[in-house]
Structures are given as C-alpha cells and as structure tokens.
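A.B. asks: Letter by letter, the chains look like this.
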Amino acid sequence: MNTQHMNHALKLDADKCIGCTHCIKVCPTEAIRVVNGKANVQAERCVDCGECVRACPYNAFYVDEDDWALKEQYKYRVALFPSVFIGQFARNHSQESIYGAILKLGFTHVYEVEQPIALLKEITKEYCADEEKTKPFISSYCPAVVRLIQLKFPSLTENIINIKAPHDLSANYIKRSLMNRGAKEDEIGIFYISPCVAKMAAVKNPIGEKQSIINGVLNMKEAYNRVMKVLETGEVEAVATDFMKRLTRDGVKWGLTTGESKHAKGKSMAIDGIHNVIKFLDRLENDEAPWLHFLEVRACDLSCAGGILLTGNRFLTDDRLRKRAQKFPAAGKVEDLQVTVDLDELRKKLYTDPIPPKPIMMLDTDMGRALEKLARARNIMCHLPGIDCGACGAPTCQALAEDMVQAKAKMSDCIFLQQTWQRQGKISAQKAFDNMENKWGKNRFMPDCNKKGAKNESL
Amino acid sequence: MQVKYQVEGGDFTSAGYASSQVKKLLKQLNVAPKVIKNVVVALYEAEVNIVAHAYRGVIEVELDPQKITLVLEDEGPGIPNIDLAMQEGFSTASPAVREMGFGAGMGLPNIKRNVDDMQLESQVDKGTRLTLIKFFNA
Ligand SMILES: Nc1ncnc2c1ncn2[C@@H]1O[C@H](COP(=O)(O)OP(=O)(O)O)[C@@H](O)[C@H]1O
Ligand code: SF4
Ligand SMILES: [Mg+2]
Numbered sequence: 001m002n003t004q005h006m007n008h009a010l011k012l013d014a015d016k017c018i019g020c021t022h023c024i025k026v027c028p029t030e031a032i033r034v035v036n037g038k039a040n041v042q043a044e045r046c047v048d049c050g051e052c053v054r055a056c057p058y059n060a061f062y063v064d065e066d067d068w069a070l071k072e073q074y075k076y077r078v079a080l081f082p083s084v085f086i087g088q089f090a091r092n093h094s095q096e097s098i099y100g101a102i103l104k105l106g107f108t109h110v111y112e113v114e115q116p117i118a119l120l121k122e123i124t125k126e127y128c129a130d131e132e133k134t135k136p137f138i139s140s141y142c143p144a145v146v147r148l149i150q151l152k153f154p155s156l157t158e159n160i161i162n163i164k165a166p167h168d169l170s171a172n173y174i175k176r177s178l179m180n181r182g183a184k185e186d187e188i189g190i191f192y193i194s195p196c197v198a199k200m201a202a203v204k205n206p207i208g209e210k211q212s213i214i215n216g217v218l219n220m221k222e223a224y225n226r227v228m229k230v231l232e233t234g235e236v237e238a239v240a241t242d243f244m245k246r247l248t249r250d251g252v253k254w255g256l257t258t259g260e261s262k263h264a265k266g267k268s269m270a271i272d273g274i275h276n277v278i279k280f281l282d283r284l285e286n287d288e289a290p291w292l293h294f295l296e297v298r299a300c301d302l303s304c305a306g307g308i309l310l311t312g313n314r315f316l317t318d319d320r321l322r323k324r325a326q327k328f329p330a331a332g333k334v335e336d337l338q339v340t341v342d343l344d345e346l347r348k349k350l351y352t353d354p355i356p357p358k359p360i361m362m363l364d365t366d367m368g369r370a371l372e373k374l375a376r377a378r379n380i381m382c383h384l385p386g387i388d389c390g391a392c393g394a395p396t397c398q399a400l401a402e403d404m405v406q407a408k409a410k411m412s413d414c415i416f417l418q419q420t421w422q423r424q425g426k427i428s429a430q431k432a433f434d435n436m437e438n439k440w441g442k443n444r445f446m447p448d449c450n451k452k453g454a455k456n457e458s459l
Numbered sequence: 001m002q003v004k005y006q007v008e009g010g011d012f013t014s015a016g017y018a019s020s021q022v023k024k025l026l027k028q029l030n031v032a033p034k035v036i037k038n039v040v041v042a043l044y045e046a047e048v049n050i051v052a053h054a055y056r057g058v059i060e061v062e063l064d065p066q067k068i069t070l071v072l073e074d075e076g077p078g079i080p081n082i083d084l085a086m087q088e089g090f091s092t093a094s095p096a097v098r099e100m101g102f103g104a105g106m107g108l109p110n111i112k113r114n115v116d117d118m119q120l121e122s123q124v125d126k127g128t129r130l131t132l133i134k135f136f137n138a
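Chains as they are written, first to last, in the numbering used here: chain A, 1 to 459; chain B, 1 to 138.
Don't read these hints as lab results, they were simulated from the structure.
Check the hints yourself; a few may be wrong.
What the hints assert, rightly or not - Pulled a few chain B residues facing chain A out of the computed Cβ check, cut under 10 Å:
id	residue
1	N30
2	P65
3	Q66
4	M86
Unchecked claim - Straight line, CA to CA, 27 Å or less: simulated DSSO-like cross-link-like pairs of lysine-lysine:
id	chain 1	residue 1	chain 2	residue 2
5	A	K358	B	K34
6	A	K279	B	K24
7	A	K135	B	K126
8	A	K455	A	K442
9	A	K125	A	K25
The structure displayed is predicted, hence computed values, not measured ones.
Ideal Cβ placement from N, Cα and C applies to all residues, glycine included.
Full structure from sequences and hints, please.
C.D. replies: What follows is the structure, encoded as structure tokens:
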C-alpha cells in the first residue's frame, strides 16, 4: 500500500485516492488541496473532525492504530472505551456478553470511560462557579472542537474549560485503583478504544503533558469487528457486571448530545455537528448570546454516537444507549469513588494549562502586507469564474485566489482561465494540457473502465 | 481597500450579512479579536437600524493598515432629534419590530461605545448617514 503520511492518526491511501475533490469541499477549515492528483491535508489546519473520511467515496482515508499485540507485555491489560461502543451492538448482544468477548480478546480488565463521571461533574461545577472566568464556559470534551476554536475562533480559547476529558480521568482512576490493589505501575497497560480521529490525536499528544497515561490507542471499528467475531462463535461467557459497578445513568449518556449540558447550572446549550458548531461559534463571538452560561459543543452529528469509527446507524446507537442508561442508578456519588483511590491526588491531575490560540485565517502577520494580499486576492477573483468546481485542487475559487497571493498556486491552475487563454491564443493547446497533467498526474485523463460507476467497476 | 454592501429595509433575515463578511476580512488582516468584536457589534447594530428604520441603504467599508472606516448611508425617514435618538432606551420601533427582538433603544449608544469615532447626520424625510471609525492598535 502506498501511504502518504499526514498529520495525526489520519492517513491517506494514495493508491485509492483519485483526487475526486469531495473531501476538499467538506473540510471545515479548508485544510485540503488536491496536489498531483491526490488529496493533501495541511497538518496545521486540520482539526481531526473526520469530515473528509465521511465524504470520501473511495475509502481512501484510513485511521492508524497501535499494534494489538502491544498489550501482551503487560500483566494487567485494560480495555478502556467510551459507552458508545456498547451502543453499536444490536440488542440481542447483552452488555455482559460484550464484556466477555473483550476479555476473550486478551484483556484482563474492561472499563467504560464514563465510570468515574461523578468526579468530573463535581470539578466542572466548581470550575464554572468562578465568577471571574470568561463566560460562557465552553466544554473541552470534544478535541476536534477545541482545535477548531484555536484555529478559527481564537478569541474564544479563553472560554474553554481547562479540565481534561473523561478518558484522562478514567485512565488515571483505573491506574490508581489497580495500584492500590497491589499492581505495579509498569505492569499496567491501558488501551483506549477510540471513537474518532480527534480523540486518538488527543490521547497521543495530551495538552500540557509530556507523556500520555494511555499505553496504546485502538481503532473502534477494528475493535467492533474483533468483538463481533468472538460473539458469532457463540462461545462467550457473559461476565458478571462487577466491572460496571460504578457506571451511572449520567455516565452512559455523557458522550451523547446534552450529556454534559443538562448538568450545568444556569442557561446551557448543546450543539452537535461541526458545521452547526461553526455557525453558532460565529454568533457567540459577536456576543449574540450574552445570557449563555455553559456550552456543550461536539464535532459529530449526535455527538460520539456519530463518531467516524463507529459502526452502524448513529440514531440507533443513541437510542440504545439512552435505553441502556435507564438500567443504572441516576448519578454516582463522589464518595463511592473514594473507596478505591485517593481523590485529592487524582483531582490535581485533572486540570490543563490554558488553551493557546493558533489563528490560521490571517494572510500575513504584518497588517499592511495582509491588506495588500487581501486586495490582490479580490482582484484575482474578478478573473476566476466563481463556480467553485474544485478542478484546480482548491475547495473554492476564493480559496484558490488566497493560495495564489500566498504563492501556493498559479492562475493557470484554473481550467476555465486556461480555456480562455487558449481561445485568445495566449497559450497552446499542448501547454494547457501539460498544465493539467502537472496538476492531476500523467495519463490521468485516459479512459479507465475500472473507475467507480464505469463499465468494469469492481469494488 | 474598499468594499460595498447593499441593505434592504425590512429584510431582517439578511441583517448581519455585512458584519459577518467584515469580520472575515478583519480576521484575514490579523486584527486583534477584541477590536474585531467591537467592529462587528457596531456594524451589526448599524445594519439593523437601516433594516428596521429606513427603506434602503449602502454600507461602504474602507480598510487601511491603521483603521477601518464604515459609512452607512440610507434613504429613509431620517432622525428628527439626534440627541434624543442617542439616549439609552429611546426607540421608535414598532411593536412588530419589538416582537422580533429588536428595538430596545440600545443600538446607537452601543455603537458609540464600540468605536473610536462616530458621526451621525440626518435629514428628515431624506435619510441618514452614519460614519464610524475604529483604529486597530487600540
Ligand atoms: N437609520 C435610521 N433611520 C431612521 N431612524 C433611525 C435610524 N437609526 C436610528 N434611528 C432612530 O433612532 C432610534 C434609536 O435607535 P437605536 O438606539 O438603534 O434603538 P432601536 O433601533 O432599538 O430603536 C430608533 O428607534 C429610530 O427612531
Ligand atoms: S463528537 Fe465525540 S466522536 Fe465526534 S469528534 Fe468529538 S469526541 Fe470524537
Ligand atoms: Mg437599533
């Protein structure tokens, strides 16, 4: 497989990518261009939302994970996953048999991320009671949204709650409780099964910490396949729900839309879907919701039930989880967690440094030069057709114009301009064709009956 | 650099278009977030005033490396008493407009608070001209 390594956990299989331009159009930060006929993601603009993965008709994007065999080196092998994992399975598979199947895969402990949620609820409540802090409080739960704010809404970074995400809390919690029961730190391997690229990146590069507490990150799609395979053998023993004893109704619903916001004191809102989030943050930045106290924002439609590494239908997943939640006690008590670990020590680990802004919209750090570039881009727009066809490799004509003033693209990248120049006798037909091949690759425009929808399609 | 926007009286659904476009421009220029917010809030209120109180108008935006100048000129009933209009809470907005959440009488005072210079000129039965200046290095 010819892989093109990009940022984060997201990878492109260059053999599968045909440069169809679907992904460049849906990217919320315009981070993707087609270069030499292949999608190219600019790492510094990517927020890991996975919209490109969803949009790709050729399954050319894939998500890297750690080696499943890594766990063999640990005595205590913990599978840690968010509750949405359970929500993917049809109702005939009980949660006990799913736990059993995970153990069969070679893990010694099975934990849902949301077990110690009572503690997170408590420290979030304390944090949000601080009158001095900038309002509304914006949850740091979804790493794709946190990055989106850093890049596109830098002024709102100060609203982000500086508390770690649930997977950090539970990893710390599990490690401590195992150690209290006699395990040595280096005997414990915690493997996080991720619902998305964003969490993978966040686990690999935790903000404000040198090393992640998690020893390996696994792809939830792969985990689903492996668990299903075990379940189909029919040889799974349903395990006692001992591992679930701290799970609560609030916890199971935490990763679903309104999972956090409904606990907020004061006015709160929950927004899911990255394009909805962008529209709302744009309003928020203009002070259009001064009454708002707490904002839950998630990149995926229906929050983590719609994560890109989940299998099945997100509405069914959401519905199953809400029903499942009813089986558990409403809310856990923080004191119950105290039994296993020293909470004061744990608490200290749960705060992050302030989130720095990383603005990407500016054309130049010097305002005079930025203004010149802006004026030039607007001039260039007079000549581009404005139909946003994507054949130049940029998502819109305006994006191409902006690339041009940054010296990242040329006028001749526009195929309509080339046609016009040919007709005006400014360039030869050969030159125009060469330009196109330079952009899209040699022989890219020869007939090919194997492509999607063509005569010999075989997918 | 100059940019122009048209505004239609009564069209509340598109009020806010110019301010969101200007916001994008200012982000591209790397203007400080706080200053962007001031400009956007002021321009939005001024846009709404044309929509709510006048028949139609034009917004002219002039950008230079130090500042942004906004000139909003409309055809409309004009403002008979500018001092009165500038008072917090003063509004002639119709009940229908208030119903939509506009007309609290805070627009003009709010505009003044958010910019470095504000000129309001008006001729009754002709129209109103509002000039706003905001410096970037404030
Ligand atoms: N462009 C305009 N044309 C005519 N009248 C205006 C205009 N802008 C403001 N006014 C008058 O000034 C008053 C106060 O404006 P403002 O402070 O924005 O409050 P509001 O718009 O909520 O009424 C308005 O009610 C209106 O009578
Ligand atoms: S909503 Fe959940 S699954 Fe989707 S990107 Fe955010 S954290 Fe990941
Ligand atoms: Mg007003």
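A.B. asks: Decide, hint by hint, whether the structure agrees.
C.D. replies: Checked hints:
1. Of the supplied interface hints, the one on N30 of chain B holds, with its beta-carbon coming within about 4 Å of a beta-carbon of chain A, less than 10 Å.
2. Because the smallest distance between the Cβ of P65 of chain B and any Cβ of chain A comes to about 4 Å, under 10 Å, the interface hint for this residue holds.
3. Interface restraint check: Q66 of chain B against chain A, minimum CB-CB distance 8 Å, threshold 10 Å, status holds.
4. With its C-beta approaching chain A no nearer than about 21 Å, M86 of chain B sits outside the 10 Å limit, and its interface hint is violated.
5. Between K358 of chain A and K34 of chain B, the direct Cα distance comes to roughly 16 Å. Compliance with the 27 Å bound is thereby established for this hinted pair.
6. Between K279 of chain A and K24 of chain B, the direct Cα distance comes to roughly 13 Å. Compliance with the 27 Å bound is thereby established for this hinted pair.
7. Annotation: proposed proximity of K135 of chain A to K126 of chain B is violated, straight-line Cα distance about 43 Å (limit 27 Å).
8. Between K455 of chain A and K442 of chain A the alpha-carbon distance is near 22 Å, which keeps this suggested pair within the 27 Å criterion.
9. Among the hinted pairs, K125 of chain A with K25 of chain A is inconsistent with the structure: their alpha-carbon atoms are about 39 Å apart, more than 27 Å.
The structure does not agree with the numbered hints 4, 7, 9 stated previously, though it agrees with the rest.
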